[in-house]
Amino acid sequence: MRVVHYINQFFAGIGGEEAAGAEPDLREGPVGPGRRLAALLGDEHEIVATVFCGDDHASGHAEFAAALVERAREHGAELLVAGPAFTSGRYGLACARIAAAAAEAGVPALAAMHPDNPGVGEAGATPVVESGATSRQMRPSLERLAAAVRKLASGEELTAEDGRIGKVPRRNRLAERSAAERAVALVLARLGGDREATEIPLPTFDQVTPAAPVEHAADAVVALLTEGGFVPAGNPDRLESSRATKWVRYSLEGLDSVEAGTFESVHGGFSTQWANEEPNRILPLDIARELQREGAIGGLHAEYFATTGNGTTVADARRFGVEWAAELRQAGIQAAILTAT
Amino acid sequence: MNAKDVAGLTRVVHEVRELDLGERTSYSAGRLTVGEESARDLLGDPALAEVRLACAAPGDPVRIVGALDAVQPCSKGTGGGGVFPGFLGPALPPGRGETHMLRGAAVLAAGYLPRAQEAVIDMSGPAAPLSPLAATHNLVIEFEPAEGADWEDVEVALRRGLLRVAVHLADAALEAEPDAVEELADPDAAPEGRPRVGVVTNLQTQGNFKDVFVYGRSLSRGLPTVIAPGELDDGAVVSGQYGHPALKNPTYLHQTHPVLAALRASDDVRLAALVLCPEPVEQSGKELVSAHAARLCAALQLDAAIVTKEGGGNADADVSLKLDRLEEEGITAVGILAELAGRDGTGPPLVVPPTRATALISTGNYDERMTLPACDRALGRERIALVDRPATDEVELPVAAIYCAQTTLGWGRLTCYEDT
Amino acid sequence: MGAPRIVPTRGIPYPTGDPNLSPEQERAWRRQLLQRALQAVATPVREPTVFDAEALE
Chain H
5 MRVVHYINQF FAGIGGEEAA GAEPDLREGP VGPGRRLAAL LGDEHEIVAT VFCGDDHASG
65 HAEFAAALVE RAREHGAELL VAGPAFTSGR YGLACARIAA AAAEAGVPAL AAMHPDNPGV
125 GEAGATPVVE SGATSRQMRP SLERLAAAVR KLASGEELTA EDGRIGKVPR RNRLAERSAA
185 ERAVALVLAR LGGDREATEI PLPTFDQVTP AAPVEHAADA VVALLTEGGF VPAGNPDRLE
245 SSRATKWVRY SLEGLDSVEA GTFESVHGGF STQWANEEPN RILPLDIARE LQREGAIGGL
305 HAEYFATTGN GTTVADARRF GVEWAAELRQ AGIQAAILTA T
Chain L
43 MNAKDVAGLT RVVHEVRELD LGERTSYSAG RLTVGEESAR DLLGDPALAE VRLACAAPGD
103 PVRIVGALDA VQPCSKGTGG GGVFPGFLGP ALPPGRGETH MLRGAAVLAA GYLPRAQEAV
163 IDMSGPAAPL SPLAATHNLV IEFEPAEGAD WEDVEVALRR GLLRVAVHLA DAALEAEPDA
223 VEELADPDAA PEGRPRVGVV TNLQTQGNFK DVFVYGRSLS RGLPTVIAPG ELDDGAVVSG
283 QYGHPALKNP TYLHQTHPVL AALRASDDVR LAALVLCPEP VEQSGKELVS AHAARLCAAL
343 QLDAAIVTKE GGGNADADVS LKLDRLEEEG ITAVGILAEL AGRDGTGPPL VVPPTRATAL
403 ISTGNYDERM TLPACDRALG RERIALVDRP ATDEVELPVA AIYCAQTTLG WGRLTCYEDT
Chain Y
229 MGAPRIVPTR GIPYPTGDPN LSPEQERAWR RQLLQRALQA VATPVREPTV FDAEALE
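Residue numbers (this note's numbering), protein chains in the order written: chain H, 5 to 345; chain L, 43 to 462; chain Y, 229 to 285.
Simulated from the structure, these hints should not be mistaken for laboratory data.
Predicted model only: the values in this text are computed from it and were never measured.
Ideal placement from N, C-alpha and C gives every residue a C-beta, glycine not left out.
Do not take every clue at face value.
As the list claims (entries may be wrong) - Computed, partial: chain Y to chain H, Cβ under 10 Å:
no., residue
1, Arg258
2, Leu261
3, Ala265
4, Gln267
5, Val273
6, Glu275
Please build the complete structure, drawing on both the sequences and the hints.
Listed below in C-alpha cells is the structure:
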C-alpha cells in the first residue's frame, strides 16, 4: 500500500517549540522517524509522502487535518499513519484529528501515542495504538506501529492485542445467554471475590503531569480562565449553559473590573444570582488588576477564556485544556488561574 | 413441602403452539382459538370506535409497528382469587394459590397513542431474535379511537380490554391437562447457606402514558416496597408506559420477570426478595428512593442485589445511585443497563455512571443501526414515522426502536462486544 | 479529578467571592485567594496539591 505519514514540526526537523506555529506541508517520501518506519514496513508498503504541521498551528486550526488529508490523497495515499506522539498533548491531538479526518475521507488510518496522551480519545472510531512515553522508546513504538499498519492494510480490525488503546467501538452482538442469566453469573463472580468483572467498563480519569513552577510570580504573565459560563451580557456567541461543546474568548483590555450588567454567567449548574450581582466573584479581574499595578505579577493577559463546566464531556474538557494551553503558550503566558464552579 | 404448607404460587402452565381466530374461544392440545365476538365484547368501550383482531406467529413475515402493551394470558379461575388487582379484581396482594397461564402467547395492542414512541416487532428476520414478543403467538389488537375521545380514556379502555381478553383466553385452558406445574415458594428468611440475592426493579412514574401501576396505582411520589415475586405472575404490576421501545418493560415482562426466573433457576443463589421502586424525575427524589431502597435491602439481609430500570438516560441515574448506595451498605450490586454509545459505538456508554459500583451487564448499544428487510404485512400502523416509509418496506432503524430489544429485565441476549 | 494545583473556595456560585462578607471584606478574601494561587504556581508539585487560602489570615 501507499502510505502517508504524519509527524509534527519537531520530528520533521524544522524546529522545536519555536517552530510550533509551522504551517502544514508535505514532503516526498519518509522523513525523520518515517525512515525507520519505512524500513520496518519493508517492500510490502511504501511511505510515499510525509505530511507535517506545527503543533500549535494544528491545535488552533482544526481544518489543517482535512487539508492535509486531501494533499495526501493527491499523492496517492491508500493509508495514513500518524505519530508516534508519545505524551506530547498537542501532537497527539493533531495525530488523532488527522487520522480521524483520513478515515472520514475513506482512507484507512491509525495514530500512535502513549495511553496518557489527551489525543487518545479524540480519534472517534479510528484506531489509536500504544506508543512509549518518550522518543527514547521510538524503536519499540515504531515496531508496534509497523505491525499495526500491516494489519490495518490487510483489512483487519485492530484489537487490544495490537496495542489498541482508547475508544474501542462498542458493537452489538448476541451473547450465548440472556442478560438475566449473565447478571446472576456476575453476582456470583463478584461474591466470589472478582472485583473487576463487568460488561461495561467505566471511565477512569487521567493523571496530568504538573507543569514546572514559575520562578517568580512577579515576572509571570498570568491569564484568567473560567468554566463558570462567564460571558459578556447577552451571551453574544451563545455559549451553552450545559454540555458545552465549545469555549469562548473575550478581551479584558481597558477593564479594571468586571461590572454587574456588563458580564454574566450562563452556567446552568448553579444559581447565578451572586455571580451576576458581582461578576468578580467568577472572574477576579478587579484584584488581578491591583496585583498587576503593584507588580505582584508581570502582566495580565489581554483576553480571558471561558466555557461552561456543566455536563461537559471529559473528552471535550480535555480538548479545551489542550487548546487553551497552546493558545497561552503562543501568547507568552506563563501561568493561568482557572476559576471552577 | 406441598403448596398448602408453604406460602407461594403454583403455576399451572399451558403451552400455546398455534393461535387462530374463530367463532368461539377454545384451547386444546396447544391450539388456542380466539372467539372474535367474545374478544370484541371484552374490548368494547365508548372511547374506542373500532377494534380489529389479527394473529401473528413466530416466523411470520409480519411487522408490528407501534406496539404498545403486551400481556401474558393468565387466570385464577372463575370465582378464584383474581388477577390484575386494582384493574380487574380487588386491589389486594395476589400471588398465592394456583394460577393458570398460557405460555407462548400474548395479547398485544398496536397503534398510536400520544408520547408513545414507535416500537417495532419483526416476527421474522434479523430483528426477530431481539424481541420477546417475536417468540410468542400474538393476538394483535388494532384500534381506532372514538371521535372526540380523550387519549387518556382511550388508553384506559385499551388497557382494560387487553387485561380482560388475557384472562378470557386463559380461562379457556382451566380444564386442560397442564404441560407443567411449577411451585414457586415465597422467599423466606430461614438460613440455608446460599447467598441471598434480591432484585430491585425500578418502575417509570412520569404520569400519563409514562406510568407503571402496582395494584392498579402509581408508585409516583412513593417509597420502595417489597412484594412477593409470585405477585408478578398474577399481574400485580401493569405497564402504562410507552416510551423508549428497546427499553420497554411491557406487562408481559413484568409477569415473566426474567431476572427473577434466572435467580430461581440457579442452584448457587437463593432468590431472597423483590423490591419495587418508583423512578422520580428530580435528583432529590432519586437520592431518597435509592438510599431507602438500599436500607430495605440491608434490612432484608441481602448479600447481593440486581438492579433493573425502565426508560432512557434519566433512569440510569436511579440505577447508578442504587448501586452505589447498596455497595455502601456492603451489598454486592449488579446493574443491568443499555449503552448509549452513539452510532459508531465510541461515545461514553452511560449518561450517569455509578461512582463506586462497577459491576454492570450490558444490553447493547441503543444507537447502533440495523437493516430490517421488507415484509409482507404490517400491523398497528401503516407507516414507520421515524423514517417516513411504508411499514412493509426495507428500513434502517436504530436498535432503540425494536420492542424490548434491550430490556433490563434481562430477557434478551443483545450486548456490546468489545473488540479486544 | 487530577488538577495539580488547587485553591479551595467557599462556594460553587462564587469561587472568588463570598456574599456573606461586606464588599471590602470580600475583596480582601479575593485578594487572599489570588495571592495563594500565585504562590501555588510558583511551587513545584508532583501530584494534586491543595493550597489553602484560609490559612493566610
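Hint by hint, here is what the structure shows:
At a threshold of 10 Å, the smallest CB-CB gap from Arg258 of chain Y to chain H is about 5 Å, leaving the interface hint in force. The interface hint given for Leu261 of chain Y holds, since its Cβ lies 7 Å from the closest Cβ of chain H, which is under the 10 Å cut-off. Restraint check, Ala265 of chain Y versus chain H: the minimum CB separation of about 5 Å is within 10 Å; hint holds. For the restraint placing Gln267 of chain Y at the interface with chain H, the shortest Cβ-Cβ distance is roughly 7 Å, inside the 10 Å limit, so the hint holds.
Hint status for Val273 of chain Y relative to chain H: holds, with the closest Cβ pair at about 5 Å, below 10 Å. Here the hint on Glu275 of chain Y is kept, as its CB sits about 8 Å from the closest CB of chain H, short of 10 Å.
The structure agrees with every numbered hint stated previously.
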